[in-house]
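Taken in order, these protein sequences are the chains called A and B.
Residue 178 is where the first sequence starts when you use our numbering, and the numbers rise one by one after that.
Residue 259 is where the second sequence starts when you use our numbering, and the numbers rise one by one after that.
Simulated from the structure, these hints should not be mistaken for laboratory data.
Check each hint, because a few of them may be wrong.
Unchecked claim - Lysine to aspartate or glutamate pairs mimicking DMTMM-like chemistry, simulated, CA-CA at most 25 Å apart:
(1) A/Lys-359 x A/Asp-332
(2) A/Lys-384 x A/Glu-370
(3) B/Lys-340 x B/Asp-391
(4) A/Lys-179 x B/Asp-496
(5) A/Lys-233 x A/Asp-261
(6) A/Lys-384 x A/Glu-311
(7) A/Lys-363 x A/Asp-261
(8) B/Lys-267 x B/Glu-286
(9) B/Lys-482 x B/Asp-331
(10) B/Lys-531 x A/Glu-276
(11) B/Lys-531 x A/Asp-279
(12) B/Lys-267 x B/Glu-513
(13) A/Lys-256 x B/Asp-391
(14) A/Lys-179 x A/Glu-218
(15) A/Lys-179 x B/Asp-509
(16) B/Lys-541 x A/Glu-274
(17) A/Lys-256 x B/Glu-315
(18) A/Lys-285 x A/Asp-249
(19) A/Lys-359 x A/Asp-279
(20) B/Lys-541 x A/Glu-277
(21) A/Lys-179 x B/Glu-282
(22) A/Lys-233 x A/Glu-218
(23) A/Lys-256 x B/Asp-331
(24) B/Lys-531 x A/Glu-274
(25) B/Lys-462 x B/Glu-510
(26) A/Lys-256 x B/Glu-311
(27) B/Lys-322 x A/Asp-261
(28) A/Lys-384 x A/Asp-290
(29) A/Lys-179 x B/Glu-260
(30) B/Lys-390 x B/Glu-311
(31) B/Lys-531 x A/Glu-277
(32) B/Lys-322 x A/Asp-249
(33) A/Lys-361 x A/Asp-332
(34) A/Lys-233 x B/Asp-391
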Amino acid sequence: MKYRSVFEIIGPVMIGPSSSHTAGAARIGRVARDLFGRQPEWARIHLYGSFAETYKGHGTDVAIIGGLLDYDTFDERIKTAFEDAAAVGMTFEFIPEEEEADHPNTAKIVIGDSQGEMELVGISIGGGTMEVTELNGFPLRLSGHFPALLVVHDDRSGVIANVSNAIASQGMNIAHMEVGRKEKGKMALMVIEVDQMFDETLINELKSLPNVTQVSTLAN
Amino acid sequence: MEVLFGTVKELVALAEAQNKPISEIMIEQEMQITRRSREEIVAQMENNLSVMESAVEQGLQGVKSTSGLTGGDAVLIQNYIKSGKSLSGDLILDAVSKAVATNEVNAAMGMICATPTAGAAGIVPGTLFAVKDKLNPTREQMVNYLFTSGAFGFVVANNASISGAAGGCQAETGSAASMAAAAIVEMAGGTPQQSAEAFSIVMKNMLGLVCDPVAGLVEVPCVKRNAMGAAKALVGADMALAGVVSRIPTDEVIEAMHRIGQSMPSALRETAKGGLAATPTGKALEAEIFGKDKTSRDTVNS
Chain A
178 MKYRSVFEII GPVMIGPSSS HTAGAARIGR VARDLFGRQP EWARIHLYGS
228 FAETYKGHGT DVAIIGGLLD YDTFDERIKT AFEDAAAVGM TFEFIPEEEE
278 ADHPNTAKIV IGDSQGEMEL VGISIGGGTM EVTELNGFPL RLSGHFPALL
328 VVHDDRSGVI ANVSNAIASQ GMNIAHMEVG RKEKGKMALM VIEVDQMFDE
378 TLINELKSLP NVTQVSTLAN
Chain B
259 MEVLFGTVKE LVALAEAQNK PISEIMIEQE MQITRRSREE IVAQMENNLS
309 VMESAVEQGL QGVKSTSGLT GGDAVLIQNY IKSGKSLSGD LILDAVSKAV
359 ATNEVNAAMG MICATPTAGA AGIVPGTLFA VKDKLNPTRE QMVNYLFTSG
409 AFGFVVANNA SISGAAGGCQ AETGSAASMA AAAIVEMAGG TPQQSAEAFS
459 IVMKNMLGLV CDPVAGLVEV PCVKRNAMGA AKALVGADMA LAGVVSRIPT
509 DEVIEAMHRI GQSMPSALRE TAKGGLAATP TGKALEAEIF GKDKTSRDTV
559 NS
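Based on the sequences and whatever the hints tell you, model everything.
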């Protein structure tokens with residue numbers, strides 16, 4: 178089943194004009210912001226394929242900035258996202274790329290502040306649904322068809338067991354899981370797709386686990 | 259966890275066996291899959307309904323898109339209805355104007371609810387708010403209209419496609435119009451099987467519709483395809499309520515739509531390279547909007 182909820186058919190509530198170029202783009206921005214964990218001070222956004230060709234006509238640019246300001250797909254403030262970014266002191270630039278990406282609606286978002294930076298590649302696959310294909314150089318295979326948890330953690334023994342125990346204690350089943358790290362003992366990323374929708378209780382529990390630095394969700 | 263239905267045949271069989279409307283089966287499946295309460299699910303759909311209502315109202319006031327390609331037609335049609343001269347009937351034109359209103363708001367970066375996509379967002383609410391004046395439904399029945407639309411859309415999305423890039427406009431406005439027809443039937447007191455017949459009758463008349471948006475924008479011809487989708491939904495629902503049945507079963511019609519979509523050339527699947535987008539005027543409008551003629555573009559929208 179590619180689609181699981183009636184609200185993927187009757188929904189999302191969103192600012193027009195395009196579910197893929199506006200709503201999906203806002204969601205890519207918001208997931209980036211979520212994973213970064215705080216308001217970035219600057220953003221560099223590379224657009225590929227159709228995003229690069231038509232981003233102005235579709236409001237893809239204001240939608241991504243809106244997402245980086247933590248606006249949801251239906252937030253009317255998406256329209257004034259550029260002004261709002263200036264107000265919170267976030268600078269940004271858009272770079273339409275000539276080269277072809279694997280998917281026609283691809284955005285690479287590089288964000289940062291004085292404490293660090295993060296890079297995320299997202300694709301918008303239709304109907305407002307998006308997928309993250311890369312995070313800080315970690316290739317991901319997030320199908321976007323299941324609710325997903327993204328857990329950034331320190332590469333230490335026991336973290337994976339703690340996370341999966343917390344999920345199991347909620348009576349939830351893991352559909353797909355992958356763990357990647359760039360360097361032994363440094364930052365690692367766990368991507369967990371589950372069969373059921375999760376709630377705040379689980380997310381808070383995961384956040385409180387030792388060596389877990391950030392928990393983000395993709396609920397579609 | 260398993261879904262309750264994966265095909266229209268299963269959906270109708272469940273509704274008939276349990277003597278429940280299709281909307282109820284959809285709500286029960288949603289509860290099962292998401293483990294959310296009925297109250298939460300219904301409340302979310304009520305919110306979607308309110309968003310649709312606001313979009314229709316806003317569009318009927320008159321809006322204009324950033325590109326200038328669309329806007330204001332909903333007002334023209336409403337004024338024409340008021341003149342008392344309409345030939346096709348006030349209810350149909352009311353649905354048409356409200357579908358157009360929603361899509362004009364969408365093109366103007368207003369707030370809408372995708373049904374099943376933003377580009378096809380006018381048809382389900384347009385027909386709902388037109389039929390409402392004739393059938394006087396309760397708010398609950400209006401919410402159920404959306405669950406019934408969603409149940410049919412759920413089958414299409416999983417067995418075929420609701421994306422113009424994958425299946426052409428038949429997958430977007432075709433799906434939306436067929437979903438709306440099924441929901442109109444339920445609201446008018448028809449049986450679950452009659453909803454399925456209405457769906458089939460409308461979808462059969464949307465087969466082959468290509469996705470060829472001018473300049474890649476969700477405006478031309480999207481707004482007018484929502485208009486005609488709303489009209490077809492009403493006529494298809496009336497035919498089914500009259501007792502007309504489809505010789506080809508609904509699931510086979512959906513399968514045919516899927517196969518037609520797969521055999522459509524990519525120029526006609528939301529790349530803005532073929533059809534109306536490739537006409538001299540379509541290209542000229544694109545050059546006007548984007549400042550240069552992008553002949554090598556590769557555009558995919560929905």
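Hints and how they fare:
1. A/Lys-359 x A/Asp-332: holds, 10 Å
2. A/Lys-384 x A/Glu-370: Roughly 17 Å separates the two Cα atoms, so the pair holds.
3. B/Lys-340 x B/Asp-391: holds, 15 Å
4. A/Lys-179 x B/Asp-496: Not satisfied, since the Cα-Cα distance of roughly 32 Å exceeds 25 Å.
5. A/Lys-233 x A/Asp-261: holds, 18 Å
6. A/Lys-384 x A/Glu-311: Holds, at about 22 Å.
7. A/Lys-363 x A/Asp-261: Cα-Cα ~35 Å, so violated.
8. B/Lys-267 x B/Glu-286: holds, 17 Å
9. B/Lys-482 x B/Asp-331: The hint holds at about 9 Å.
10. B/Lys-531 x A/Glu-276: holds, 19 Å
11. B/Lys-531 x A/Asp-279: Holds - the C-alpha atoms of A/Asp-279 and B/Lys-531 are around 19 Å apart, at most 25 Å.
12. B/Lys-267 x B/Glu-513: Satisfied, since the Cα-Cα distance of roughly 13 Å is no more than 25 Å.
13. A/Lys-256 x B/Asp-391: violated, 33 Å
14. A/Lys-179 x A/Glu-218: violated, 36 Å
15. A/Lys-179 x B/Asp-509: Distance ~17 Å between A/Lys-179 and B/Asp-509 Cα, so the pair holds.
16. B/Lys-541 x A/Glu-274: The given pair, whose Cα atoms are some 22 Å apart, holds under the 25 Å limit.
17. A/Lys-256 x B/Glu-315: holds, 20 Å
18. A/Lys-285 x A/Asp-249: holds, 19 Å
19. A/Lys-359 x A/Asp-279: Since the Cα atoms of A/Lys-359 and A/Asp-279 sit roughly 23 Å apart, the hinted pair holds (cutoff 25 Å).
20. B/Lys-541 x A/Glu-277: Distance of about 23 Å is within 25 Å: holds.
21. A/Lys-179 x B/Glu-282: Measuring from Cα to Cα gives roughly 22 Å; hence the hint holds.
22. A/Lys-233 x A/Glu-218: Holds, because 23 Å separates the two Cα atoms, which is no more than 25 Å.
23. A/Lys-256 x B/Asp-331: holds, 23 Å
24. B/Lys-531 x A/Glu-274: It holds: about 20 Å lies between the C-alpha atoms, which stays within 25 Å.
25. B/Lys-462 x B/Glu-510: holds, 10 Å
26. A/Lys-256 x B/Glu-311: holds, 21 Å
27. B/Lys-322 x A/Asp-261: holds, 24 Å
28. A/Lys-384 x A/Asp-290: holds, 22 Å
29. A/Lys-179 x B/Glu-260: holds, 13 Å
30. B/Lys-390 x B/Glu-311: holds, 12 Å
31. B/Lys-531 x A/Glu-277: Since the Cα atoms of B/Lys-531 and A/Glu-277 sit roughly 17 Å apart, the hinted pair holds (cutoff 25 Å).
32. B/Lys-322 x A/Asp-249: With a Cα-Cα distance of about 24 Å, the restraint between B/Lys-322 and A/Asp-249 holds, given a limit of 25 Å.
33. A/Lys-361 x A/Asp-332: holds, 7 Å
34. A/Lys-233 x B/Asp-391: violated, 39 Å
In this structure, the hints that do not hold are numbers 4, 7, 13, 14 and 34, in rising order.
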